[in-house]
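S.K.: Residue numbers (my numbering), protein chains in the order written: chain A, 1 to 380; chain B, 381 to 634.
I should point out that these hints are in silico values taken from the structure, not numbers from a laboratory. Please note: incorrect hints may appear among the correct ones.
[Said to hold, decoys possible] Going by beta-carbon spacing under 8 Å, a handful of chain B positions derived as facing chain A:
1. Pro471
2. Gly472
3. Gly474
4. Ile481
5. Ala516
6. Arg519
7. Glu520
8. Tyr522
9. Lys548
10. Asp552
11. Arg553
12. Ser554
[Claimed, not checked] So these bits of chain B aren't anywhere near chain A, every CB distance computed over 10 Å:
13. Thr470
14. Gly512
15. Gly513
16. Gln525
For each residue, glycine too, the CB sits at the ideal point set by N, CA and C.
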Amino acid sequence: MKNATKIISCYSADTAGVCSALYELGGMVVVHDASGCNSTYSTHDEPRWYDKRSKIYISALTEMDAIMGNDKKLISDIVSAAADQNPAFIAVCGSPMPMMTGVDFGAVAQEIERRTGIFTFAVDINGTHNYLKGASDALLTIVEKYTQKTDRIKNGVNILGATPLDIPLNGNLNSIKNCLKDSGFEVIASMTMDCTLGDIKRSAAAEVNLVVSYSGIAAAEFMLREYNIPYVCGVPVGGEFSKILADSLKNVKEKAYPCSERQTAENGIYIIGEGISAGSLASAITLETGEKTRVVCPLDHNKDMLAQGDSDIYAEEDIEKLLVQNKPKAVIADPLYKFIVPKDIKFIDLPHFAFSGRCYERFMPNLADDTFIYTVRRKL
Amino acid sequence: MIKIAIYGKGGIGKSTCTANLAAAFAMLGKRVIQIGCDPKADSTINLLGGIPVMPVMNYLREHDDEPDDINEISKIGFGNILCIETGGPTPGLGCAGRGIINTFSLLEELELFETYKPDVVLYDVLGDVVCGGFAAPIREGYASQVLIVTSGEKMALYAANNINSAVKNFEDRSYARVRGIIMNRRSVENEEEKVRAFADGAGLEIVADIPRSNDIIKYEDMGKTVIEGDPNCETAKCFFALAQRLIDEDNENE
């Protein structure tokens with residue numbers, strides 16, 4: 001049973017990542033899945049669901065549709081809904097059942113686009129990966145399709161990889177934007193929270209991109225290749241690290257990972273979570289308190305995101321073993337991790353929407369200010 | 381690149397035709413990959429001296445993780461042909477079609493085509509287009525042409541007709557098209573007339589006429605194709621002619 005989560009939760013699925021990344025852009029997202037699953041992707045994993053409208057649909061796949069390979073029903077339902085809704089684009093993605101029956105979503109998307117004249121694409125997911133893959137693939141497709149070469153805006157910056165699954169709806173995004181403005185930057189597009197398709201169309205005017213989660217890296221790499229826009233990976237956390245991030249944004253030539261420019265310690269403070277935000281928090285803690293840290297990243301990442309000494313294990317039993325073995329000074333993680341952390345190790349709650357959903361939503365801190373660092377200092 | 385999926389009724393000689401065609405391409409100087417898409421995993425055995433390659437599904441069954449390198453799930457056979465078998469689940473269990481899709485995703489992840497840079501890829505597919513998995517080899521990016529193997533036997537022609545109809549169903553997608561029929565003779569009375577009548581009715585061309593020959597059985601007993609065993613025999617010449625024809629067509633298209 002290795003790699004099965006038996007005690008703790010698991011992260012939101014790739015499907016939720018797609019829905020979240022495309023939520024505000026005016027497109028139609030169709031997940032080919034059984035009826036009722038919309039509540040998983042949109043209600044449980046999407047804090048904007050009750051406040052902002054979005055065209056997220058489930059195809060209501062039935063057992064007979066799956067057995068008979070009834071793609072025509074899926075296609076005609078989407079064509080009909082698109083005629084009513086007139087979406088800016090259509091995204092089609094899978095779930096475990098169509099994965100098993102081998103639905104060819106690329107071909108389905110082609111047929112829908114031919115019949116509707118609306119840009120339609122398939123996101124290659126099936127519900128078995130984590131949210132970062134879905135959000136990353138969806139954002140990349142949108143950026144590839146809609147950005148175009150344009151004149152640069154001095155000190156223009158885009159934020160890439162922002163979804164409520166990583167950036168809580170507690171003013172965190174505004175704080176990030178304010179940090180950037182205070183450092184002399186003008187935010188062009190914040191992909192994809194508080195963002196329109198129009199913002200994305202203008203985004204190649206930026207001089208630099210700030211990538212706040214792994215889901216923004218593929219799009220940042222594309223914009224680097226296509227428009228020569230460099231990027232920096234990190235989330236503003238506390239005053240000191242935010243300054244380093246701003247300097248990096250001003251001076252970066254190609255790409256920079258300030259979130260991984262730090263020393264780690266085997267028995268320091270462990271931070272479990274998404275690589276860029278956990279790395280940024282780790283850097284901020286070291287800068288503000290002098291404490292050594294170590295990131296445990298159980299999610300998709302690339303080698304540059306993590307510092308030497310960080311850990312990329314993801315199996316519940318491996319994380320548990322690591323903590324027992326190394327006896328860290330404290331663990332900072334989503335509260336649901338508490339159940340695999342030895343009781344004699346201090347635990348500091350850092351709720352993560354992609355892990356515990358709404359359970360601890362009201363306790364989510366705004367990492368961009370110094371409050372959370374004070375909490376850490378106080379609890380140590 | 382020449383990318384062909386070979387379909388036909390079970391036991392009609394698909395693997396024999398595919399392996400011989402692969403060997404003929406290789407002898408004509410082409411870099412070839414043959415992918416067996418049948419749970420029996422015996423498509424490439426006669427390119428490998430009778431010693432089979434580890435099928436992908438067997439590898440996944442025996443290991444916790446997917447292979448890191450294509451060498452772990454392939455073998456080089458006669459004429460430097462890269463041989464791969466999808467294999468399948470335990471007979472009577474699981475889903476063989478899903479096994480094919482899974483294998484194709486894995487080959488994509490391992491960047492098979494980018495690293496091996498083949499001139500020819502042949503997919504030898506189990507029997508009929510029975511489900512999504514068995515249509516995977518004809519999807520965009522995989523095979524661009526389909527060859528249907530049939531004899532003059534009634535059930536073989538029936539299966540050939542089903543396969544042709546199934547491929548036609550995908551006409552509005554960017555899938556492979558049926559290029560023609562390989563007539564694999566079984567000494568049926570009026571065999572040529574029967575196959576020709578089907579071909580004419582379906583608007584298909586008979587692209588190769590493989591004679592009934594003991595050479596095939598003789599060399600298969602030795603773990604060889606006739607191309608390897610006796611490249612000058614009549615049967616081998618038929619496969620060489622088909623390979624050359626497909627190469628010429630590919631050159632014209634380029």
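S.K.: Hint by hint, say whether it matches the structure.
M.R.: To see whether the hints hold, each was checked on the structure:
1. Pro471: It is violated, given that the least Cβ distance between Pro471 (chain B) and chain A is near 19 Å, above 8 Å.
2. Gly472: violated (18 Å)
3. Gly474: violated (10 Å)
4. Ile481: Since chain A brings a Cβ to about 5 Å from Ile481 (chain B), closer than 8 Å, the hint holds.
5. Ala516: holds (6 Å)
6. Arg519: holds (6 Å)
7. Glu520: Result: holds, 6 Å to nearest chain A Cβ.
8. Tyr522: violated (11 Å)
9. Lys548: violated (15 Å)
10. Asp552: holds (6 Å)
11. Arg553: holds (4 Å)
12. Ser554: holds (7 Å)
13. Thr470: Its Cβ never comes within 10 Å of chain A, the nearest being 17 Å, so this holds.
14. Gly512: violated (3 Å)
15. Gly513: violated (5 Å)
16. Gln525: holds (17 Å)
Hint violations for this structure: numbers 1, 2, 3, 8, 9, 14, 15, all remaining hints satisfied.
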